[in-house]
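There are 4 protein chains.
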Amino acid sequence: MSPANPMFSTPEMAAIFSPEAHVGRMLEFEAALAQAEAAAGVIPAEAAQAIAAACRVERFDIPALYRAAVPAGTLAIPLVRALTEQVTPEGRDYVHWGATSQDVIDTAMVLQMRDGLTLLIDRLLAVGDACAALAEQHRRTLMPGRTLMQQALPITFGLKAARWLGMTTRQVARLDALRREALVVQFGGAAGTLASLGDAGTRVVELLAERLGLGVPDLPWHAERDRVAEIAAALGVVSGAMAKIATDLVLLAQTEVGEVSEGAAPGKGGSSAMPQKRNPVDATFALAAARLAMGAVPVVLSGMAQEQERAVGGWQAEWEALPDLFLATASAVERVRQALDGLEVDAVRMRENLGISESLTMALARRVGRPAAYRLVQAAVARVREDGTTLRDAALADEQIRAVLSEDEIDQALDPAGYIGSADVFIDRALVRYREVRAAVQ
Amino acid sequence: MSPANPMFSTPEMAAIFSPEAHVGRMLEFEAALAQAEAAAGVIPAEAAQAIAAACRVERFDIPALYRAAVPAGTLAIPLVRALTEQVTPEGRDYVHWGATSQDVIDTAMVLQMRDGLTLLIDRLLAVGDACAALAEQHRRTLMPGRTLMQQALPITFGLKAARWLGMTTRQVARLDALRREALVVQFGGAAGTLASLGDAGTRVVELLAERLGLGVPDLPWHAERDRVAEIAAALGVVSGAMAKIATDLVLLAQTEVGEVSEGAAPGKGGSSAMPQKRNPVDATFALAAARLAMGAVPVVLSGMAQEQERAVGGWQAEWEALPDLFLATASAVERVRQALDGLEVDAVRMRENLGISESLTMALARRVGRPAAYRLVQAAVARVREDGTTLRDAALADEQIRAVLSEDEIDQALDPAGYIGSADVFIDRALVRYREVRAAVQ
Amino acid sequence: MSPANPMFSTPEMAAIFSPEAHVGRMLEFEAALAQAEAAAGVIPAEAAQAIAAACRVERFDIPALYRAAVPAGTLAIPLVRALTEQVTPEGRDYVHWGATSQDVIDTAMVLQMRDGLTLLIDRLLAVGDACAALAEQHRRTLMPGRTLMQQALPITFGLKAARWLGMTTRQVARLDALRREALVVQFGGAAGTLASLGDAGTRVVELLAERLGLGVPDLPWHAERDRVAEIAAALGVVSGAMAKIATDLVLLAQTEVGEVSEGAAPGKGGSSAMPQKRNPVDATFALAAARLAMGAVPVVLSGMAQEQERAVGGWQAEWEALPDLFLATASAVERVRQALDGLEVDAVRMRENLGISESLTMALARRVGRPAAYRLVQAAVARVREDGTTLRDAALADEQIRAVLSEDEIDQALDPAGYIGSADVFIDRALVRYREVRAAVQ
Amino acid sequence: MSPANPMFSTPEMAAIFSPEAHVGRMLEFEAALAQAEAAAGVIPAEAAQAIAAACRVERFDIPALYRAAVPAGTLAIPLVRALTEQVTPEGRDYVHWGATSQDVIDTAMVLQMRDGLTLLIDRLLAVGDACAALAEQHRRTLMPGRTLMQQALPITFGLKAARWLGMTTRQVARLDALRREALVVQFGGAAGTLASLGDAGTRVVELLAERLGLGVPDLPWHAERDRVAEIAAALGVVSGAMAKIATDLVLLAQTEVGEVSEGAAPGKGGSSAMPQKRNPVDATFALAAARLAMGAVPVVLSGMAQEQERAVGGWQAEWEALPDLFLATASAVERVRQALDGLEVDAVRMRENLGISESLTMALARRVGRPAAYRLVQAAVARVREDGTTLRDAALADEQIRAVLSEDEIDQALDPAGYIGSADVFIDRALVRYREVRAAVQ
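The listed protein sequences correspond, in order, to chains S, D, G and H.
To convert, note that position 254 of the first sequence is 245 in the numbering used here; the numbers rise steadily by one, no gaps.
To convert, note that position 101 of the second sequence is 92 in the numbering used here; the numbers rise steadily by one, no gaps.
To convert, note that position 165 of the third sequence is 156 in the numbering used here; the numbers rise steadily by one, no gaps.
To convert, note that position 369 of the fourth sequence is 360 in the numbering used here; the numbers rise steadily by one, no gaps.
Here chain S stands alone, though its shape is the one from the complex (with noise of 0.2 Å):
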């Protein structure tokens, strides 16, 4: 019974982790299970014929399942009962032989996640594809960079979509990653030794895992769940990844910088007070989202302490942590993908908003020495401070300096265009690697 506040998830990732998508994935193991064990001789071709029938999900009443859960402590418990009702006599025996409730949920839970990784990166490389946009787009757009929230030299526009991009671009790779290393079947029997299968135990784990296209384990891994941690943790740092773009839009947008805004679209971003409001609704939700999605993280983290052969807690947690942290991060994903998509950025603006800046420091340096350069340009700001003149005009304005700089020499030293030193090479490279990248996930 997941979630599904459209504030916190999209409905892609939403029917993905739903109850009927979980009990159709279990169904899907139950039907998986018995022709893998048909086929390495466990259990008779009939059988597994029968069972598999019977694995349709439109045939069971999920919340009922839900609620029997709650006393018998798993889905499986009731599901395996339900689906036994619905088998015909050959095959009533066989179902879910040698199999232990959480081979089923967790392999369940593995397959809706392989969904949805492949859906993270399918957004990924749409907010992928907006921040290249932009980078191509803004290769030249000059504008402040900002260090603890003041203004330092100048950057482009292009520059910063490029660092949002190769940030993008590894979170696609470590998703790809995951998605083929991580995934992997769950069976083991009661104990994790496959102890009723006899000698057939490893060739049912191949054939189920083929069946299921997923991964073959060395062994059982119901208590160890470092493969589970490790996608949760990808998320987490996925999430954090959307933050840190939606921050900056949301700090590009305020309206005394007003370097950058979220599209206009009906009912949007409006104010239930103030008409005039233009708010940047999908960055500060992909905020709250990603804060949700890393809030999932150390509950499956934490929960890695498991008891011996089963948990008491610790798996439990993640039928609820595992969904949401997907839902959320999905989110995070897609409001940033819209931000993007739809942002308007105002090229004026930033040019304007370019204040003084470092490079006077540099050109003094190379005549005076970094250690005086620096002094003197302290004293021309606390000039400008003092008398609200410009850097320029106290540059020019000042003895020392023009000692060493011509007018012509610091003109050049205060224009931006002029500096932004290896800003191209970095937007190449972040293209090339994102290019490199997309071709390889697809």
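Honestly, I wouldn't trust all of these hints.
To be verified - Computed list of lysine to any residue pairs in SDA-like fashion (alpha-carbon distance at most 20 Å, straight line):
#1 K259/S / A363/G
#2 K259/H / R366/D
#3 K259/G / A55/H
#4 K259/S / Q369/G
#5 K259/S / P2/S
#6 K259/D / A373/H
#7 K259/D / R72/S
#8 K259/D / A43/D
#9 K259/G / N(-4)/G
Since the hints were made in silico from the structure, they are not lab data.
Bear in mind the structure is a predicted one, so any value in this text is a computation, not a measurement.
Once you've looked at the hints, dock chains D, G and H against the given chain S.
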């Protein structure tokens, strides 16, 4: 659209935090606001009547409101719009007069939290009743105390229950204090000045709070979330307290310890593979729910760093984190109550498990001093380990021990029943304090 | 061996939680225990004198004790051994009589937390004093209120300071309440029964608590950590409150906002590359310290699920998490105080930043109703955006607006000074409440 | 000024993250930067030599630098100043050329993390060696598998050790991958453009990275902390893995289970009150350290939402959180290693603890189908509970069971040694995979 997975919530708490209940509480705010403003002469009386008449939750399409909130940024915007359409002409212009989205959303959440706290107190008292009954019944039931999971001195099961009771009592008292102190109305208008109400602002706040049965805050608190964080933290502590009791229960229910077991019930606690198992399902889910609840606390806490007069993300994340927190805490409390109410206590097994103890050391220490006594008992214990003898026989065979203790004195020292110190006094104190608090909160 | 990175602590708090202070508090417990036991007739008076005489921290090799604690599992074991060696013969057999390691470690930590809470209250009052001064000085200093980082209605800087003050006042009151309620002695012996003290157990607890100036708990609380968790959570909330103030400060100090700046001081807040920068260093470190403090809260909270009569891990983690929490919280408070005490407020810039506002909507709403007013202002704002005109001119040019408002009325509506509602009342209330709490805690 | 409480760190990791080591690494950056810039023709070769000659950590007053960092906001500012004073005239003007504070601090931290990861891999291999030895030695040591703390099917202790080994192997592989991918130099200058280096920027980055033995990032990453967060998360997962092993150890070491105990050592694991106790001290402290480590992960994760080109708080909090995380993780790993290396395994007790099992159900199921078999065994188990008989006797006395199983078949079914399924294969796989990874990382 709050979650309602019955495995991690209770029906009563799910009702309090349902989407319908949230919208209903928002409408209650709008009606009370109109009436308060009419009473203060800010809007016409007929307008207030018209608005109040329209504030009926069954008239609104809740899922549609939630969907519209996604672009709008708050539920308040589509709700105020939909409400305005429902109001007859005389009131239409005065809907939501002078209020901002956060006023109605926060106050609705406070009303829900009030119900949530009251429900938690009620269920914690049920836990307290169960603990009190166990403390009385098992006042003389000896069992091993265990430190670092090793048997230490004897205690009584009544003392253990009394310690659970003391902790539960403090939780009741804390939630009751919060109910009285932290539940205040939110009403400040767009920037917290009540600017649009002129001089009538604070009067309207008082009338509004009175109608809703809430406290009046010194100032609006849109971006000062300490009261909310305090409630969240208190629920985290309640959950931690429940996790402590549940931890004890799963440890005592272990096959090899076997001192308690959860009561049997149809559909409860079996295994899909092993018919002989009787799993501590309630305690297990109490632990899982407590993990989820504790995981929501940092979301609220870290969200306190709110930007200026309304936050980007930290506030909105509360909309999901607070309901999740109340649901999971309620589940943890209810699961502990169920486990305790049906608890089967095996007093014989407890007595059997009681092993060697500190008492001999203390008896010796009175004669030869603590360091020498410690060494003597350590040597005797070493012989028990090597020869498989009992501590009594090892002590009787030790000449140094026999030089200072007679056989009777050794037997007395090894009798756990004479070695439970102040347990009775502690049990009495816990019961008295619980009854005081119980009487006070009702 | 507590950390003492001066960037994330204060010298005063580092002294309270130093290893020396911890061992000193443990010795204070041992001395007081012996004296209490002598007063209760449990041990000879000369023994107590001998023990108390030896409890001098300068006699002990602190680093050696910490190293010995690694295999021993607690500091108490090597300390009791070392103390016993220091005690003259008449007391040697009575050292640590009837106590367990956790009794002395917990009580020492409670004594340290008492000092820590008192120091935090003192420093929070310094924050409160600074807020109160700003609230009074800037009662009439108009500035933009900002919601979702967009300019909303005007507020005064005094109101903002009053809201910080209200939040700070509540933190002082909460810590003061905890100081009175949660600081209780720990004394229960090996399994919490005080078994080795016979009938004298509870009398010794009372005498011990009295000597140490601590409260008497109903029962020992070795594995019921709710009081500790409550203190930890309260410090988390204090840190969150400081983070809220610091967030406002860094936002207001942005180059493009420029409404406040931290006072200059030698060595403060420059950049290694850019001489013109004046970084909000104190607010930045308050935010960093608050993050660290809030990160320690879940360690204590999740550690509450303690095993039976003494925990494996959850208790021991407190030894590091609690000092870290006090150090980081103290740093957050102190950094906010420094930022506020030296704060430079640019009232002219605040006035300049004040832009368009809700007031026009409200003026129109009184004539044409809220929905129509909202639409009219929205249209006017659109023209401001398109044509770069002012809102005043756009309103004057709008026939529908002019049909209901005169030029004077428009000017009045757009005058922010007439639009700060109940700000003054709120400021007064915050000041009054602060003074009450200030007087009460001292 | 990192903490070094020996209870929650190891001497080796404390050395890597000491204040001296941090400043030393910063100086290593400054020397390498100067040399790289000289090689790229940006500064004179003599300047680079002069700078490199001065970069000797023993010349600097570390505590004074930390104190000066408090107002300055970073260690880099006082360090660059102090270094400049130490450099001979030919180099003085070129110290820190083109760099920003964050370049040197981040790169120093990356160098420390490189050493930290290498040390963790080494110690995890020691854990792996211990697990591998246990897996081989106890390949045939039968013991109860336990799910939800109830005895389930038999397993072998070798299988349990193999599962720990599999998890440990994955941690080694993950840290090794991070060592190769995530350890990149930071160098971007004041706003990440390398503006002051003109065209030579990216060339200097490459030379600098080469000298330091670090990777070259596509772009500077001042405010994109995903690599750092990934490292932090990976350490959290390592800690969780150690907590899983330690949890198993404390549960198996319980007095009533008694299947393992930590080896005795002088000064280890006693009780200040009870001489007979042998506490699982190493496992307990592994659990405590893991809690502290996992508590540091959210600090780094939530800090990812960094503001623009340099963060206010999220970055600075890493300076304390990352060292804490490495120290606590190292302690958790080392404590687990100690516990495993000295582990005393009581194979006789394990065999004795083995109780009733699922095997009878499976034997029956082959004849009467799973549902009927389940019901029959459930009934037999009920008789065991009521009459105190053995499951064998109950089965022999049950006519329905006897109708399908002979006495021999019942005995065979109840023989746990014939019921460990694929355990051997799983053990082999874990050993093979471990040896592969072990060879690869060294």
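Checked hints:
| no. | hint | result |
| --- | --- | --- |
| 1 | K259/S / A363/G | holds, 19 Å |
| 2 | K259/H / R366/D | holds, 15 Å |
| 3 | K259/G / A55/H | holds, 15 Å |
| 4 | K259/S / Q369/G | holds, 14 Å |
| 5 | K259/S / P2/S | holds, 19 Å |
| 6 | K259/D / A373/H | holds, 15 Å |
| 7 | K259/D / R72/S | holds, 13 Å |
| 8 | K259/D / A43/D | violated, 48 Å |
| 9 | K259/G / N(-4)/G | holds, 18 Å |
Taken one by one, the earlier hints fail for this structure only at number 8.
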